[in-house]
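Construct all of the structure, not just a fragment, from the sequences and the given hints.
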Amino acid sequence: MSSRPVHELIKELSQVLVQLSDKVVENLFNALHAVKHQDEHGARQIRIIDHEIDVAEVNLEERCLAFLALQQPVARDLRTIVTIIKINDDLERIGDLAVHIIDRMPEISPEMLDSFAFEDMGAHAAEMVKKSIEAFISKDRLLADQVCALDEEIDVMHRSVFKKVTTLMKNQDSDVDQLIAALSISRYIERMADHASRIAYEVIYLVTGEIVRHKGVLYEKLIESIKE
Amino acid sequence: MLMITDVRNTSESVPVPKTTREIYLPPQRSTITGGGAAHIAAREFSVYYGDFEAVKRVSADILSKYVTAIIGPSGCGKSTFLRAINRMNDLIPGCHTTGSLLFDGEDIYGKYTDEVLLRKKVGMVFQKPNPFPKSIFDNIAYGPRLHGVNDKKKLMEIVERSLRKAAIWDEVCDRLDKNALGLSGGQQQRLCVARTLAVEPEVLLLDEPTSALDPKATAKIEDLIQELRGSYTIMIVTHNMQQASRVSDSTMFFYEGILVEHAPTAQLFVNPKDPMTEDYITGRFS
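If you read the sequences in order, they're chains A and B.
In terms of my numbering, the first sequence opens at residue 1191 and continues consecutively.
In terms of my numbering, the second sequence opens at residue 134 and continues consecutively.
To be clear, the hints were calculated from the coordinates, so they are not data collected in a lab.
A portion of the hints provided could be inaccurate.
[To be verified] Calculated cross-link-like contacts (lysine-lysine; reagent style PhoX-like; alpha-carbon spacing at most 25 Å): (1) B:287 with B:254; (2) B:311 with B:349; (3) B:298 with B:353; (4) B:267 with B:353; (5) B:287 with B:267; (6) A:1201 with B:406; (7) B:298 with B:267; (8) B:406 with A:1276; (9) A:1405 with B:406; (10) B:311 with B:298; (11) B:406 with A:1329; (12) B:286 with B:267.
Fair warning: this is a prediction, and the values are worked out from it, not measured in the lab.
Set out below in structure tokens:
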């Protein structure tokens, strides 16, 4: 079956999204590197790239909205465009979080950074983003499920940082400002992983047509706890 | 003798959403086929033109007071299925049916079915507006007169009520004695709807009712369908998929005489279950 121009356009929008994700992941790695090495020049570059990401995000959203208005897609075409719009938003937020990490650079020393495993944590979050985008490209439900499962590992890492920071803060001579900066960086990476999970959820919607977000048993548990 | 009962007095328990914006999935109507009371029910229903099977063993429930759209490529059997409901195909030589097609549980093709009574209950509006070359008043009064209403005052009431229901009263109330052929295409089509409503049908069959109309007249017909929804069971054949998605509660997709998928419209246009439906509505059909 020959591909129609309208479907070529959907492919093109998908490719733009993938290119954007490459840029976002690279900026995340560069942000962690810049903080570790107190690289002022690298930090400026990251802000410039983030601005480019912002412009690209708005541009892609405008193109998707125009597509919705002009082509009135249905079924998988509709789900693809809606998914692109939502992933686009998540990627932009991940880009912002990389800049937030840079913002903490003056507040934290390389020694303090070394005492936390932020590079591992960041690499883990970046891997989640990459895998969620791979799941989008290949419309792979199983891979999307894997990404959602990986989020728990990041949560564990973040809780460990939180515990360490609160323990250190109890010392009289602790540098509270630096510890708060460390906690913030951990929080930013944890938020990135959350966005990667959201991307994976969107992929599940794209593939199955089912919105699986918020389908946990939390609500039922809360109701039960009230009864108790 | 066909004992057609007035479902509008007996099926008040059927929930009817106010607009199609409310996702149509009432709890007791989670499926379209099987279970629950249907206004029209097809069971292994086929329509043949000679040896050619134009509609192939279709089984479906058409719910009372809902709007059902029928989509599919040309020649897929959608109009044949629609026309079978008020036996319009009877006029075609060699046309015959198998299986059953039920109206309120009674066989439309039963031995004792009164076609005139059936067509009173199941009205039809066609692609091209076809008003009689008579006055607007006489067009609307034609059906009631045929069914024995001759009282002038009563006829006037029917004419006004029907034209109001068809959202055209304000445009024609001061020229009821003028020839209906002087109306615009869109007005003529709404007049045809009013003419159908004058004999108080339960079902409205609309066969591509806007394909000959401009966008403004099309919008008025679509608004009218929304107005009539909840009072009549409406079935619309359309090639315009955006129209099907805008006006209907459920959609049937036909291909080569087979009913491929019948689902709530919001489901069919967002997440169709059959790959053939998906390929058709996204334009990937080869």
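Hint by hint, which ones does this structure get wrong, listed from lowest number up? none
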